[in-house]
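Taken in order, these protein sequences are the chains called A and B. Position 77 (the first sequence) corresponds to 77 in the numbering used here; numbering is contiguous. Start counting at 1 in the second sequence, then tack on 254, and there's your number in the numbering used here.
Hints in this document: simulated from the structure, not taken from any laboratory. Treat each hint with caution, since some may be false.
Listed next, with one range per pair, are the computed distances between beta-carbon atoms [unchecked claim]:
{"id": "1", "chain 1": "A", "residue 1": "Lys-82", "chain 2": "B", "residue 2": "Glu-333", "range": "34 to 42 Å"}
{"id": "2", "chain 1": "B", "residue 1": "Glu-554", "chain 2": "A", "residue 2": "Glu-76", "range": "23 to 31 Å"}
{"id": "3", "chain 1": "A", "residue 1": "Leu-206", "chain 2": "B", "residue 2": "Asp-291", "range": "36 to 44 Å"}
{"id": "4", "chain 1": "A", "residue 1": "Gly-205", "chain 2": "B", "residue 2": "Phe-288", "range": "45 to 53 Å"}
{"id": "5", "chain 1": "A", "residue 1": "Leu-206", "chain 2": "B", "residue 2": "Asp-359", "range": "21 to 29 Å"}
{"id": "6", "chain 1": "B", "residue 1": "Asn-454", "chain 2": "A", "residue 2": "Arg-233", "range": "25 to 33 Å"}
{"id": "7", "chain 1": "A", "residue 1": "Ala-194", "chain 2": "B", "residue 2": "Asn-454", "range": "39 to 47 Å"}
{"id": "8", "chain 1": "A", "residue 1": "Trp-254", "chain 2": "B", "residue 2": "Val-530", "range": "53 to 61 Å"}
{"id": "9", "chain 1": "A", "residue 1": "Trp-254", "chain 2": "B", "residue 2": "Gln-285", "range": "44 to 52 Å"}
{"id": "10", "chain 1": "B", "residue 1": "Glu-357", "chain 2": "A", "residue 2": "Asp-181", "range": "54 to 62 Å"}
{"id": "11", "chain 1": "A", "residue 1": "Gly-72", "chain 2": "B", "residue 2": "Gln-285", "range": "31 to 39 Å"}
{"id": "12", "chain 1": "B", "residue 1": "Glu-554", "chain 2": "A", "residue 2": "Leu-234", "range": "36 to 44 Å"}
{"id": "13", "chain 1": "A", "residue 1": "Asn-182", "chain 2": "B", "residue 2": "Glu-361", "range": "52 to 60 Å"}
Quick reminder that beta carbons are idealized off the backbone N, C-alpha and C, glycines included.
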Amino acid sequence: MKEEKCRVVENININEKYYLMKLKTTTIAKDCRPGNFVMVAVSTTFDPLLKRPFGIFKSEPPYIYLYYEVVGKGSELMSRLKENDNLAVLGPLGNSFPVFRSENILLIAGGRGIVPIYFAAENYAAGNTLFLIYGAKSAGDLNLLDRIDSLPLKKTYLYSENGSTGKKGLVTGDVREIIIDNHINITFSCGPDAMFKSLNQELAGLAVENYASLEALMGCGFGICYSCAVKTRLGGYKKVCSDGPVFKLEDIEW
Amino acid sequence: MVDLSADLGFIKLKNPVIPASGTFGYGEEFQTFFDLDILGAFVLKGIYKNPRPGNIPPRLHETAAGLLNSIGLAGPGAEELVNIIKRVAGITHTPVVVNVCGEDDEEYLEVAQIFDALDEVAMLELNISCPNVRAGGKCPAQDGQHTYRLVKLIKQNTVKPLIVKLSPNVKDIVSIALSAEEAGADALSLVNAYLGLAVNLKSRAPVFRNVFAGLSGPAIKPLALKLVYEVARQVAVPVIGIGGITCGGDVLEFILAGASAVQTGTVNMVEPAASVRILHEIETQMQELQIKNLEEIRGELKI
Numbered sequence: 001m002k003e004e005k006c007r008v009v010e011n012i013n014i015n016e017k018y019y020l021m022k023l024k025t026t027t028i029a030k031d032c033r034p035g036n037f038v039m040v041a042v043s044t045t046f047d048p049l050l051k052r053p054f055g056i057f058k059s060e061p062p063y064i065y066l067y068y069e070v071v072g073k074g075s076e077l078m079s080r081l082k083e084n085d086n087l088a089v090l091g092p093l094g095n096s097f098p099v100f101r102s103e104n105i106l107l108i109a110g111g112r113g114i115v116p117i118y119f120a121a122e123n124y125a126a127g128n129t130l131f132l133i134y135g136a137k138s139a140g141d142l143n144l145l146d147r148i149d150s151l152p153l154k155k156t157y158l159y160s161e162n163g164s165t166g167k168k169g170l171v172t173g174d175v176r177e178i179i180i181d182n183h184i185n186i187t188f189s190c191g192p193d194a195m196f197k198s199l200n201q202e203l204a205g206l207a208v209e210n211y212a213s214l215e216a217l218m219g220c221g222f223g224i225c226y227s228c229a230v231k232t233r234l235g236g237y238k239k240v241c242s243d244g245p246v247f248k249l250e251d252i253e254w
Numbered sequence: 255m256v257d258l259s260a261d262l263g264f265i266k267l268k269n270p271v272i273p274a275s276g277t278f279g280y281g282e283e284f285q286t287f288f289d290l291d292i293l294g295a296f297v298l299k300g301i302y303k304n305p306r307p308g309n310i311p312p313r314l315h316e317t318a319a320g321l322l323n324s325i326g327l328a329g330p331g332a333e334e335l336v337n338i339i340k341r342v343a344g345i346t347h348t349p350v351v352v353n354v355c356g357e358d359d360e361e362y363l364e365v366a367q368i369f370d371a372l373d374e375v376a377m378l379e380l381n382i383s384c385p386n387v388r389a390g391g392k393c394p395a396q397d398g399q400h401t402y403r404l405v406k407l408i409k410q411n412t413v414k415p416l417i418v419k420l421s422p423n424v425k426d427i428v429s430i431a432l433s434a435e436e437a438g439a440d441a442l443s444l445v446n447a448y449l450g451l452a453v454n455l456k457s458r459a460p461v462f463r464n465v466f467a468g469l470s471g472p473a474i475k476p477l478a479l480k481l482v483y484e485v486a487r488q489v490a491v492p493v494i495g496i497g498g499i500t501c502g503g504d505v506l507e508f509i510l511a512g513a514s515a516v517q518t519g520t521v522n523m524v525e526p527a528a529s530v531r532i533l534h535e536i537e538t539q540m541q542e543l544q545i546k547n548l549e550e551i552r553g554e555l556k557i
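Extracted from the complex, chain A is given alone in its bound form:
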């Protein structure tokens, strides 16, 4: 983990408020694992003051890719960055999805939660059989399907809440049947809190190991400010940035 000056190679508007940024790094791309994130200085002024956390979508040393949604001031400034802009990036940060061999892994992504899931799919395909559930509010939020098509996935299930693409419904709608039908024993998930909450209920009682990559508002990204606290089921808090972002789904109080 270190702070590097990275160069923007491209910052493409994928669809509406979604962007894909390619950054040239020194060591981050080489060192990162699926689940890791970076803190990006989207501005060189004091406003905003804090760096912003972005999950790593793909690593292709020396490049990393950040797929992000414009949700506020920080990501808005990020979206305006141009080719050859330089920015300070801290990373790779956080833990990563555990490594498995010869397992049936179900990847579950809600909206921009596809970020670490895509990275995991690329890295964990060898030696495992991968399945993907990818859903979002509408077709406009369900992006990068061409890239996902080229992933070595046994089966992909697409959902949209308004039915504009894939099956109409929630990401978690058929998750129980999908797990049972495909003899899934591991899940990796990333999405909004509501998705995790529902997932935690749907998966209860199934003999699967569930790893969830959480999103949080962060101050520092490396464990010193204690801002990104998430409540655990056993009481107390964990820091999403340095204890996570990947947790056992059932260890978190949803």
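Got chain A sorted already, so can you dock chain B onto it with the hints?
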């Protein structure tokens, strides 16, 4: 060559840069970014006797050039901190300062005595000014008599140098500073975070459960400079300036206002290796301004 050393009387620091409590973890988190030996000293995250979970989120709200936090002094408790300090002592020779907290005077004393007895600790900093522990931001540093009583109690029962960290959320900080000094404080550090309010327009409610939270970052620098200037003129003990420092020039401004050293806070969260840059900037700027040592300009603000 310029002389960066900062003399606090009871200890001479190699330079005036001291990362502040709550913005530097327990020091070890930063060793991946730079050698802790370069620092003047560093203050560990505030500690109570027992482990504390901290406040219910949200704990953070960004503002223009600043940051409101309501962490609530989450921490592992004194016993575990002793283990951490022994580990940290193995990676650096820089003086370690323990930020002592307490729910009441007895706990402050108990915690102070635990770390007073620890060879690896150079100084104690009495945190009587955390804005995020009690609703409404109440703390001992808002009451001169309580400040006097508490500082006296700690000084009578400990031997290590005691820094008392003051709150800006008071009517008259000079009178509180004088109470702490009279009670035996060896140095004063100021200021802790300013109380601020963040509003959620949709819910029409405060962002934070404690209603108020602590504002830090560059936004508070002029306010902090003013209080450091006012206090440093009135007390004989050294003052450690804190508030929105982000560069070497800021450090020298605090020294001119009367500080003997400074603590850097929010900048450590934003830029983990900020200390390296700031130290370099202090040196360069002292050369440019032909300042040989800090004592030469300390409190020399031309009014």
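**Prompt:** Per the hint of 45 to 53 Å, is the separation of the Cβ atoms of Gly-205 of chain A and Phe-288 of chain B within bounds?
**Reply:** Since Gly-205 of chain A and Phe-288 of chain B have Cβ atoms about 49 Å apart, the given range 45 to 53 Å holds.
**Prompt:** That 34 to 42 Å hint for Lys-82 of chain A and Glu-333 of chain B (C-beta), does it hold up?
**Reply:** Roughly 53 Å apart at Cβ, these two residues miss the hinted range, so it is violated.
**Request:** Indicate whether the distance between the beta carbons of Gly-72 of chain A and Gln-285 of chain B respects the range 31 to 39 Å.
**Result:** holds (33 Å)
**Asked** When you take the CB atoms of Glu-554 of chain B and Glu-76 of chain A, is the distance between them in 23 to 31 Å?
**Response** Violated, at about 44 Å.
**Message:** Quick check on a hinted range of 21 to 29 Å for Leu-206 of chain A and Asp-359 of chain B, using CB atoms only.
**Reply:** violated (53 Å)
**Asked** So the hint says 25 to 33 Å: do the beta-carbon atoms of Asn-454 of chain B and Arg-233 of chain A match that?
**Response** The hinted range 25 to 33 Å holds for Asn-454 of chain B and Arg-233 of chain A, with Cβ atoms some 27 Å apart.
**Cβ distance range 36 to 44 Å for Glu-554 of chain B and Leu-234 of chain A, holds or violated** = Violated: the Cβ-Cβ distance is about 56 Å, outside 36 to 44 Å.
**Message:** Quick check: does the Cβ-Cβ distance between Trp-254 of chain A and Gln-285 of chain B fall within 44 to 52 Å?
**Reply:** Since Trp-254 of chain A and Gln-285 of chain B have Cβ atoms about 35 Å apart, the given range 44 to 52 Å is violated.
**Pairwise beta carbon distance, Glu-357 of chain B to Asp-181 of chain A, judged against the given window 54 to 62 Å** = Given about 55 Å between the Cβ atoms, the range holds.
**53 to 61 Å as the expected CB spacing between Val-530 of chain B and Trp-254 of chain A, which holds or is violated** = Given range 53 to 61 Å: violated, Cβ gap about 41 Å.
**Item:** Beta-carbon spacing of Ala-194 of chain A to Asn-454 of chain B - inside the hinted bounds 39 to 47 Å or not
**Value:** violated (19 Å)
**Prompt:** In this structure, is the beta-carbon distance linking Leu-206 of chain A and Asp-291 of chain B contained in 36 to 44 Å?
**Reply:** violated (52 Å)
Checked against the numbered hints above, the structure violates hints 1, 2, 3, 5, 7, 8, 9 and 12; every other hint is satisfied.
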